[in-house]
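*Asks:* Each chain, letter by letter, is given below.
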Amino acid sequence: MPDPLLQISDLNVAFETARGLIRPVRDVSLSIYPGQTVAVVGESGCGKSVTAMSILRLLPSPPSKVLSGSIMFAGRDLVTVPENQMQKIRGKEIAMIFQEPMTSLNPVYSIGDQIAEAVVLHQHVGSREGLRIAEQSLRDVGIADAHRRLREYPHEMSGGMRQRIMIAMALSCKPKLLIADEPTTALDVTIQAQILELLRKVQQQTGMSIMLITHDLGVVAENADVVAVMYASRIVETATVEELFDRPQHPYTQGLFRSIPKFGVTSKRLETIPGTVPNPTKFPPGCKFHTRCDRLNGDPLCSTVEPLLREVSPGHWASCHHAEHFAESPVTVPQLQHKREDYIPLATEVQA
Amino acid sequence: MSNFAATPADAGTDVQFPTSNVDVPLPWLAQVWKQSISQRAARFGLAWISVVAFCAIFAPLLANSFPIAIKMNGRWSSPFLHQLTATDVTLPILTLLCGILCFVRRIGFLSKIYTMLIATVIVGSLAFIFIRPPNTPRETYRLLERAGRLQSVVRTPIPYTFDDRLYDQFSADHPHPWAPSHDHWMGTEKFGADITSQMIYACRIAMAIGFISTGISVLIGIVFGGLMGYFVGIVDLLGMRVIEIVGAIPTIYLLLIFVAAFPDYRSIYLIMAIIGLTSWTGDARFVRAEFLKLRNQEFVHAAIAAGLPLRSVLFKHLLPNALAPLLVSASFGIAGAILSESTLSFLGLGIPVGDASWGALLNEAVSAGGGFIWWLATYPGLAIFLTVLSYNFIGEAVRDALDPKLRERS
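Chains H and U, in that order, give the protein sequences.
Note that the numbering used here has the first sequence beginning at 8, numbered continuously upward.
Note that the numbering used here has the second sequence beginning at 12, numbered continuously upward.
Read the hints as simulated data drawn from the structure, not as lab findings.
Remember, predicted model here, so these are calculated numbers, not experimental data.
Don't be surprised by glycine CBs; every beta carbon is placed ideally from N, CA and C.
Fair warning: there could be bad hints in the mix.
Pair by pair, the computed Cβ-Cβ distance ranges are [as the list claims (entries may be wrong)]:
hint: 1; chain 1: U; residue 1: S61; chain 2: H; residue 2: R26; range: 35 to 41 angstroms
hint: 2; chain 1: H; residue 1: E136; chain 2: U; residue 2: I129; range: 23 to 29 angstroms
hint: 3; chain 1: H; residue 1: D10; chain 2: U; residue 2: G226; range: 28 to 34 angstroms
hint: 4; chain 1: H; residue 1: P281; chain 2: U; residue 2: V253; range: 30 to 36 angstroms
hint: 5; chain 1: U; residue 1: M251; chain 2: H; residue 2: F270; range: 54 to 60 angstroms
hint: 6; chain 1: H; residue 1: R26; chain 2: U; residue 2: I129; range: 49 to 55 angstroms
hint: 7; chain 1: H; residue 1: R26; chain 2: U; residue 2: N307; range: 16 to 22 angstroms
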């Protein structure tokens, strides 16, 4: 079994605020293998973006602080590498695209200048060569008339175009890992599909890994190989995408699936998970989900002992006292080297 | 789901985005420029500043005791060229360079500024080392002309240098200062120098004091405020205290004390430095506020995530976006600096005696002979008033253009 490209082990991140210590990431372990797409799913504030930001150390410090854990990437621990090395990893080996394409490009520089700046920095080429590479990467993400676009400014582009440009910028240095923090949330559905397909196409061509952060299970179903579900700063369930969609074990995951509208089924109201996400300054004791859980509610075990991730069946980790075989399962670090093969073919392939 | 998605290549060609259309908004700074210049007051301000700048740059061509060209003993020569000082040479060269750089498109804005700064230092120091005009008496060519030695003379519009004290025209019956006349449009001052000429050369001090002291304060403000706004926390806390302390120092009194305590070191550059070193707090506050606002924008995160070094994040990505409010503060700062210098010169503590300055002329309006000399008060006073007003107009127009609430109304 090859080593994972990225191995997060027992990561704990805290924010020191006036109201006390907030811990948006607790004991998170996650591995990403080369060429894999790992989706991190969860509702707003569950800690998925913070996990992603801590990989690149983008969180402002103070107030944020890594309490414990390690993030191994290509033999280095990203939690402890010095800042000057981190700068060489950012953009060159790990790139990131953000949720809001309207604000993630600098309004005062032309597209070409913005892409070329990082290219010149990381690939040690001259500015003319940098612009040429920028033009090529614009073409790679399907932007027509790339040469002219180089000299245009972000405000001249639509949201979908900007997100393509962000992807072009992220891919221009050929990173090994791309962190996509809700890359399609701010886009409308057709553009969303185009962007996701673009990501998948690029992945096929370059073999990079993608960490896909989203709250859209449809996006997960289509793109991910492995899924990690986060709730209240912990990973509550992780499995391959097929396994998770077929046999969700954690009541939160099950609730998420129930709240997706089903095609052909008419119901008056969409099902929801009752209650709200607990306030991160005062999480309930025991299982963080027990206040909203519909499974065997009132079990004293749930409200006193916090369940840890256990491998309830081969390749399927869940943290619920009432998951099948939970009590006798071992506590292990989830590692899933899975690459699905049943992709819906790319539209380009269908045409061909 | 992916079946209805067009291929990326198709999408790029199908969806055409308007580019040369009127609907496309201008870049933000261009919008601000257009907004502010559309105001009548700002146009007036800009026009007056241009006049002052023109006088400052081409002063020796406008007012000079030495003719541009003479024909003596059948040979043409140019005494004017031999008499140019280092400043006279440096200013037009830099203006020319600035003009050329404005039209060069291939170089980025920041590199243009760096080029300008480096050129200023090089040209300035070369000029000051190599150009040493001979100390020819100012009236030489007037005397030659009167003696009929010159076959033809081409003079500048005002044929007097600012320090030409008209020794050849001295008469005990009609002592200086002279009232405005056909020969001396704005009269002369108590030593006999032509005031029109002094007014023109004083533009240099006015421009220099405004730009250099504001330049110093903006530079300190950017670095100080930028670091505070970006690093927040303890840096911000300590920085804010320093700002409060420096902000409590009254500039004009510090200048007075300094000039009174070290009369031997009195120089215009010292005044510029003191004004610059005490008035940066407002700029620092502006930059800090902008950086605080911008540092959580996603393009800043994206810049960091792209592995760009701190220097680039701070000065290439944050600073240009924070520049606009600084422009407002700077234009008011220039006006303030000009007023400070005029005040000092009026009190007789400003620039060294012999240099031309509007404030110094004002000073003479009351001190010479005890009486009040109207032409020594009116012209420099008007010039100071118009210049300060112009900078304030410009600053206000830029501020209005930046204010989205006002923009909607217009």
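*Asks:* If a hint holds in the structure, say so; if it does not, say that too.
*Replies:* Hints and how they fare:
no. : hint                                   : in the structure
1   : U/S61 with H/R26: 35 to 41 angstroms   : 57 angstroms, violated
2   : H/E136 with U/I129: 23 to 29 angstroms : 26 angstroms, holds
3   : H/D10 with U/G226: 28 to 34 angstroms  : 55 angstroms, violated
4   : H/P281 with U/V253: 30 to 36 angstroms : 54 angstroms, violated
5   : U/M251 with H/F270: 54 to 60 angstroms : 58 angstroms, holds
6   : H/R26 with U/I129: 49 to 55 angstroms  : 51 angstroms, holds
7   : H/R26 with U/N307: 16 to 22 angstroms  : 20 angstroms, holds
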